[in-house]
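Undergrad: Let the sequences and hints guide you as you build the complete structure.
Protein chains in written order, with full-length UniProt numbering: chain A, 1 to 159; chain B, 1 to 116; chain C, 1 to 154.
Simulated from the structure, these hints should not be mistaken for lab results.
Glycine is no exception: its CB is placed at the ideal position from the N, C-alpha and C atoms.
Please note: incorrect hints may appear among the correct ones.
[What the hints assert, rightly or not] Derived pair list, reagent style BS3-like, types lysine-lysine, alpha-carbon separation capped at 30 Å: (1) C:Lys144 with B:Lys79; (2) C:Lys95 with B:Lys79; (3) C:Lys86 with B:Lys79; (4) B:Lys25 with A:Lys31; (5) C:Lys138 with B:Lys80.
[As the list claims (entries may be wrong)] Beta-carbon label-pair distances, calculated as ranges: (6) B:Ile103 with C:Lys151: 51 to 57 Å; (7) A:Leu153 with C:Glu103: 27 to 33 Å; (8) C:Lys138 with B:Gly46: 19 to 25 Å.
Given next are the chains, with one letter for each unit.
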Amino acid sequence: MADKKKKNLPPDAQEYQAFQSQREVKSPILKNCLKAFLIGGLICLIGQIVTTIYIYNFNFTEQTAGNPTVATLIFITMLLTGFGVYDRIGQFAGAGSAVPVTGFGNAVISAAIEHRTEGFILGVGTNMLTLAGPVIVYGVFSSFIVAFIKTILIQWGGL
Amino acid sequence: MIFFWAFIIGGLICVIGQIMFDVFKLTPAHTLSILVISGAILDGFGLYEPLIDFAGAGATVPITSFGNSLVHGAMAEAKKHGLIGVVTGMFEVTSSGISAAIIFGVIGALIFKPKG
Amino acid sequence: MYGYKLIMTFSVFLFLIGCANDLTGEPSRNQENSIELTKISSNNSIDQSASNQAKEILSNHEEITAINAVNTLETLVIAIDIEHSKRFRLADIRKELTKEMKEQFKDIKVEFSTDKKILLELEKLEEKIQSGSIKKKKLEKEIKRITKLVKEKT
Numbered sequence: 001m002a003d004k005k006k007k008n009l010p011p012d013a014q015e016y017q018a019f020q021s022q023r024e025v026k027s028p029i030l031k032n033c034l035k036a037f038l039i040g041g042l043i044c045l046i047g048q049i050v051t052t053i054y055i056y057n058f059n060f061t062e063q064t065a066g067n068p069t070v071a072t073l074i075f076i077t078m079l080l081t082g083f084g085v086y087d088r089i090g091q092f093a094g095a096g097s098a099v100p101v102t103g104f105g106n107a108v109i110s111a112a113i114e115h116r117t118e119g120f121i122l123g124v125g126t127n128m129l130t131l132a133g134p135v136i137v138y139g140v141f142s143s144f145i146v147a148f149i150k151t152i153l154i155q156w157g158g159l
Numbered sequence: 001m002i003f004f005w006a007f008i009i010g011g012l013i014c015v016i017g018q019i020m021f022d023v024f025k026l027t028p029a030h031t032l033s034i035l036v037i038s039g040a041i042l043d044g045f046g047l048y049e050p051l052i053d054f055a056g057a058g059a060t061v062p063i064t065s066f067g068n069s070l071v072h073g074a075m076a077e078a079k080k081h082g083l084i085g086v087v088t089g090m091f092e093v094t095s096s097g098i099s100a101a102i103i104f105g106v107i108g109a110l111i112f113k114p115k116g
Numbered sequence: 001m002y003g004y005k006l007i008m009t010f011s012v013f014l015f016l017i018g019c020a021n022d023l024t025g026e027p028s029r030n031q032e033n034s035i036e037l038t039k040i041s042s043n044n045s046i047d048q049s050a051s052n053q054a055k056e057i058l059s060n061h062e063e064i065t066a067i068n069a070v071n072t073l074e075t076l077v078i079a080i081d082i083e084h085s086k087r088f089r090l091a092d093i094r095k096e097l098t099k100e101m102k103e104q105f106k107d108i109k110v111e112f113s114t115d116k117k118i119l120l121e122l123e124k125l126e127e128k129i130q131s132g133s134i135k136k137k138k139l140e141k142e143i144k145r146i147t148k149l150v151k152e153k154t
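TA: Take a look at the structure:
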């Protein structure tokens, strides 16, 4: 579209058009990053609030409060996913909703809900871990490599 | 203060994910896998725990903390039982994310209707 | 529409930052020049001299912003909080100070923690001791419970 306009314009304006179209491509990435930053940060902030509630009101320490926090966040994600809200957040925030553990939960839960019509064993059970699969597989495997190397180094180097 | 840093660090990790989406054109599965592996590697160098101490949930909520927990479990067990602990100890310290996701996934499938 | 959402979210963020600094209320060392700690009076029926001594020693450290400590005849439990900017080194600081405390109090079992929960629990316990509303046996039970909390990993 810009090309058609270019032919009819004086050279200065054409130069500006070229300059403008060069600049245009970058802003979606910046905007997306800002959106991801805001929503991702917000989710983590909510996580921090939940952690603080668990520390002050229940018998959890800073070390042990992480587990109930994650469980609570995923419970909230179940509600948001079930009512279709999380998908809208996802469209807005991109990685901001996919990177926190709530995104992991959403992937599992939305797959479970979606494939219910195919039955619980073949539908829900088989498809639930489609996104979670690589995360768990490579999480475990890379941790194995890291811990293996570290343990060997400690035993040999007498760290 | 920790609330502020939880927001900032959590946001920054998500920005890294967004850059993987937009600039490197990776799928969510690839991005999340790379992030988990990064968490594991960072903990191998002892860099992830200080981040958790500083940013709290900003470091424990993103998926990177999953890699960190796995390495922790493996190292703790290896300390007690030697090299075999690396294999057996991995899920000792964490299973909260996976268990919760699966449990609430099944419950979700039971109570919610699929859309469209 | 997206612009509106962006502005809304950003405002929430700013609002929360503003509130967060008020809520946490950690006394910054530079402003007040004092650490949050209370020494238990020496004419109290339950002797807390070891705890008071620990607080004395620890208050010489610049980065510490709060100290709570309670002891029985056999155990001394200490919890501290440090400036947020130093939290990257929390594990190292914890190791150093644990060593220091263990060297200072060689004849008593020392439990040292930087955990917020332990700080809270010790604060509650200190108040009870100060007001005289807790008996020795109950105190020992509480110390045992808190020691267990310090050791919990999951």
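Undergrad: Please go over all the hints and tell whether each is borne out by the structure.
TA: The hints, checked one at a time:
1. C:Lys144 with B:Lys79: Answer holds: Lys144 of chain C to Lys79 of chain B is near 26 Å, not above 30 Å.
2. C:Lys95 with B:Lys79: Cα-Cα ~18 Å, so holds.
3. C:Lys86 with B:Lys79: holds (28 Å)
4. B:Lys25 with A:Lys31: holds (16 Å)
5. C:Lys138 with B:Lys80: violated (34 Å)
6. B:Ile103 with C:Lys151: 51 to 57 Å: Cβ of Ile103 of chain B to Cβ of Lys151 of chain C: about 28 Å, so the range 51 to 57 Å is violated.
7. A:Leu153 with C:Glu103: 27 to 33 Å: holds (30 Å)
8. C:Lys138 with B:Gly46: 19 to 25 Å: For Lys138 of chain C and Gly46 of chain B the Cβ distance comes to about 40 Å; the hint is violated.
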